[in-house]
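Trainee: Protein chains in written order, with our numbering: chain A, 332 to 690; chain B, 533 to 918.
It is worth saying that the hints were derived from the structure and are not from the lab. Be aware that one or more of the hints could be misleading.
[To be verified] Computed footprint of chain B on chain A; a stretch qualifies when at least three of its residues, placed anywhere within it, have a C-beta under 8 Å from a C-beta of chain B: (1) 342-352; (2) 488-501; (3) 588-596; (4) 602-616; (5) 676-683.
Note that the coordinates shown come from a computational prediction; the quantities given were computed from them, not determined experimentally. Beta carbons: idealized from backbone N, C-alpha and C, even for Gly.
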Amino acid sequence: MSLLYSDLQEELRGSVRALLADRCPPSAVLARVETDTPYDLDLWRALTTEIGVAGLLIPESLGGAGATPGEAAVVLEELGRSCAPVPYLTSSVLATTLLLRSGTPAAEKLLADLASGASTAAVAVSLATSPYDVKSSGVTVTADGLTGTVTGVAGAEPADVVLVPADGKIHAVTDFTVHTQVSLDQTRPIATIELDSARSTRIAPDTEPLTYALSRTAALLASEQVGVAEWCFDTTLAYVKERKQFARPIGSYQAIKHRLADLWLDIAKARATARNAAEDDPDEITIAVAQAWTSPVTVHAAEECVQLHGGIGMTWEHPAHLYLKRAKADSIALGTQGDHQDTLAKAANIPATPHGTGH
Amino acid sequence: MEVRDRVRAFLDEHDPSAMSRTEFLGARFDAGLAWVHFPQGLGGLGASREQQGVVEQLLAGTPGPDGRQGIGLGMAAPTILAFGTEEQKKRYLRPLWTGEEIWCQLFSEPGAGSDLAGLATRAVRDGDDWIVDGQKVWTSGAHYADWAILVTRTDPDVPKHQGLTYFICDMHAGGVEVRPLRQITGEAEFNEVFLTGVRLGDELRLGKVGEGWRVAQTTLMNERVAIGGGRTERGGGIIAPVLQTWRDHPELRTHDLHRRLLSLWVEAEATRLAGARLREQLTAGVPGPEGSAIKLAFSKLNQELSGLEVELRREDGLTYGDWTFRRSDEVAMFSRDAGYRYLRAKGNSIEGGTSEILRNIVSERVLGLPQEQRADKDVPWKDLPR
Numbered sequence: 332m333s334l335l336y337s338d339l340q341e342e343l344r345g346s347v348r349a350l351l352a353d354r355c356p357p358s359a360v361l362a363r364v365e366t367d368t369p370y371d372l373d374l375w376r377a378l379t380t381e382i383g384v385a386g387l388l389i390p391e392s393l394g395g396a397g398a399t400p401g402e403a404a405v406v407l408e409e410l411g412r413s414c415a416p417v418p419y420l421t422s423s424v425l426a427t428t429l430l431l432r433s434g435t436p437a438a439e440k441l442l443a444d445l446a447s448g449a450s451t452a453a454v455a456v457s458l459a460t461s462p463y464d465v466k467s468s469g470v471t472v473t474a475d476g477l478t479g480t481v482t483g484v485a486g487a488e489p490a491d492v493v494l495v496p497a498d499g500k501i502h503a504v505t506d507f508t509v510h511t512q513v514s515l516d517q518t519r520p521i522a523t524i525e526l527d528s529a530r531s532t533r534i535a536p537d538t539e540p541l542t543y544a545l546s547r548t549a550a551l552l553a554s555e556q557v558g559v560a561e562w563c564f565d566t567t568l569a570y571v572k573e574r575k576q577f578a579r580p581i582g583s584y585q586a587i588k589h590r591l592a593d594l595w596l597d598i599a600k601a602r603a604t605a606r607n608a609a610e611d612d613p614d615e616i617t618i619a620v621a622q623a624w625t626s627p628v629t630v631h632a633a634e635e636c637v638q639l640h641g642g643i644g645m646t647w648e649h650p651a652h653l654y655l656k657r658a659k660a661d662s663i664a665l666g667t668q669g670d671h672q673d674t675l676a677k678a679a680n681i682p683a684t685p686h687g688t689g690h
Numbered sequence: 533m534e535v536r537d538r539v540r541a542f543l544d545e546h547d548p549s550a551m552s553r554t555e556f557l558g559a560r561f562d563a564g565l566a567w568v569h570f571p572q573g574l575g576g577l578g579a580s581r582e583q584q585g586v587v588e589q590l591l592a593g594t595p596g597p598d599g600r601q602g603i604g605l606g607m608a609a610p611t612i613l614a615f616g617t618e619e620q621k622k623r624y625l626r627p628l629w630t631g632e633e634i635w636c637q638l639f640s641e642p643g644a645g646s647d648l649a650g651l652a653t654r655a656v657r658d659g660d661d662w663i664v665d666g667q668k669v670w671t672s673g674a675h676y677a678d679w680a681i682l683v684t685r686t687d688p689d690v691p692k693h694q695g696l697t698y699f700i701c702d703m704h705a706g707g708v709e710v711r712p713l714r715q716i717t718g719e720a721e722f723n724e725v726f727l728t729g730v731r732l733g734d735e736l737r738l739g740k741v742g743e744g745w746r747v748a749q750t751t752l753m754n755e756r757v758a759i760g761g762g763r764t765e766r767g768g769g770i771i772a773p774v775l776q777t778w779r780d781h782p783e784l785r786t787h788d789l790h791r792r793l794l795s796l797w798v799e800a801e802a803t804r805l806a807g808a809r810l811r812e813q814l815t816a817g818v819p820g821p822e823g824s825a826i827k828l829a830f831s832k833l834n835q836e837l838s839g840l841e842v843e844l845r846r847e848d849g850l851t852y853g854d855w856t857f858r859r860s861d862e863v864a865m866f867s868r869d870a871g872y873r874y875l876r877a878k879g880n881s882i883e884g885g886t887s888e889i890l891r892n893i894v895s896e897r898v899l900g901l902p903q904e905q906r907a908d909k910d911v912p913w914k915d916l917p918r
């Protein structure tokens, strides 16, 4: 197992980066955040039809590309670098992994539509759900259909179908209402999904595929976070070389050089953990390490970006805040640092004190 | 023939239990299996660096080099390979590899630590020889070494980086005096070395006169990789003894220590993976400034974990193994007590480049940030304030 990128992955990265440079500059992302269409569906169409990102994780037999998580991770790095407002993580990773894991005929039928990008899915759980503590939803199942409200759902606005855990099973629903919540992360807002006697199709007889998909998505989220951290770092590095105070570039002061050296090293470690978690079948420890390390490092990178840009970093017109908001939201998404550390305590045999507070 | 096949053929012909360690290592050198990326005839096969992993794997359990050879293997050998004459390579590499000759490093001085290029040990030409006078410090193993890699000032009239020359120093030569230097751990792992009128033949010079800084850079890059580049398993290395104590002593556990230990466990694993990734990148090339970064990461980790361990042990943490002043031949991070580990780890962010200097190296050579403003750049060394 290599922690480096393959030539194929670098090629894929090049295509995604070129397309994003053309269609998703920071100014366009910023302009969109206060409109009624938080997701850029033209960009999404280009990514799915020109590059085929939506079907990467789907086997060729179901119309996908049959690629590995390593390829999806590279796409996520690039989308993170651009804070691209597209439903890749929520539809092409989370919903897709859930459907693949359930493997029922109904799930496979949906996957065929997702693979081409013709259709988009979301999973009706809060983005803040920890893979280690999946609570039952407030949705009830009656003879009339599914009824209830789910809050904190990411990627709901562009979704044609939502996958709803209810009554210990997973259902696909196309008849639902979405209300966007005022969200910290403006490039991946969360929303409330309302179901009112909605008709549904059974996708899985239990919720195991949901737990599995949340865990695997957490593994790949680390790559998106690395992309976010990388943009923050590169942008800051370029700025401190150029910005002069006291007749010197501010990047010539050790107080700043040393902070950037430390940050570069932290991000190098994050990349190593994220690559490790992007292998085909990562174990629980590998995923927990990637999240527990990369989440705080990415938040730190975004915070350093704002701080080292000084006054301009605090303005709405500079895109640094979009990355800070994404970094902070990502650190809550799919388990916090503490949730992942708690899992490590069990999985790596580092037991807590036997008497609660110890002494 | 594939490297794998060569190792198998070598093992068929050489039974390690039927020969001494020195003989076995000598035969391994002659078979080109010492360091496969070195040229043929010099202990290698001219193969890629990554093939070394195959060799180590197949030869695991056979007699290998010991800790006293670390400086020779990690620093002197790559430098001799890069800058030595054919005669020097033939003369020094084989006994260095077999352990018949032990090496130490005469770099740092009382007045030249981070600012190594400011060093004052003089080498003055005398016919075909050089006469060396000066003082070196923090020299591990000087008391049992046969040879040293030595940096001297040969021209005080030019700016400091331009006036240095690199030598191989005979540690048995007249005028070499080694005195133990007691450390905060209580023992003397290092020495100070006084060089008084030491006569070295010109055939001991490594690289051109005035080229010493460039040669020393090769040594230092390799040193940082040697310090930071060890291969470990998940949960291995410096965290292993802390975990052992944690598991063996539930009564010592507190909530606060648990959270801190988990954070450090994650950091150790992230650092281990970054080291593994760096090694993958390096297999094709030579050590670059990225090695400095890994050394930086490991020294921080060693210090924080050993500090946590002493605190975790509570009353036992108030004790110390042994303060007796004595010589120690190697750094025994794992076979000693937590207090020793805590104190010894303090040296990790000083030896082989302080963490502050390493941050300068990363920020300037990896990130391309402006160099430190300096007062010593175009001034002859003899005119610098000191």
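Trainee: Verify the coverage statement for the region 342-352 of chain A against chain B, using a C-beta to C-beta distance below 8 Å and requiring 3 or more qualifying residues.
Mentor: violated (count 0)
Trainee: When I compare C-beta atoms, does the region 588-596 of chain A have three or more residues closer than 8 Å to chain B?
Mentor: Answer holds; 7 residues pass the 8 Å Cβ test.
Trainee: For the region 676-683 of chain A, does the count of residues with a C-beta closer than 8 Å to a C-beta of chain B reach 3?
Mentor: holds (count 6)
Trainee: At least three residues with a C-beta closer than 8 Å to a C-beta of chain B: is that true for the region 488-501 of chain A?
Mentor: Since three or more residues must qualify, the claim that chain B covers the region 488-501 of chain A is violated, with 0 doing so at under 8 Å.
Trainee: Counting residues of the region 602-616 of chain A with a beta carbon closer than 8 Å to any beta carbon of chain B, are there 3 or more?
Mentor: holds (count 6)
Comparing the model with each numbered hint stated earlier shows that hints 1 and 2 do not hold.
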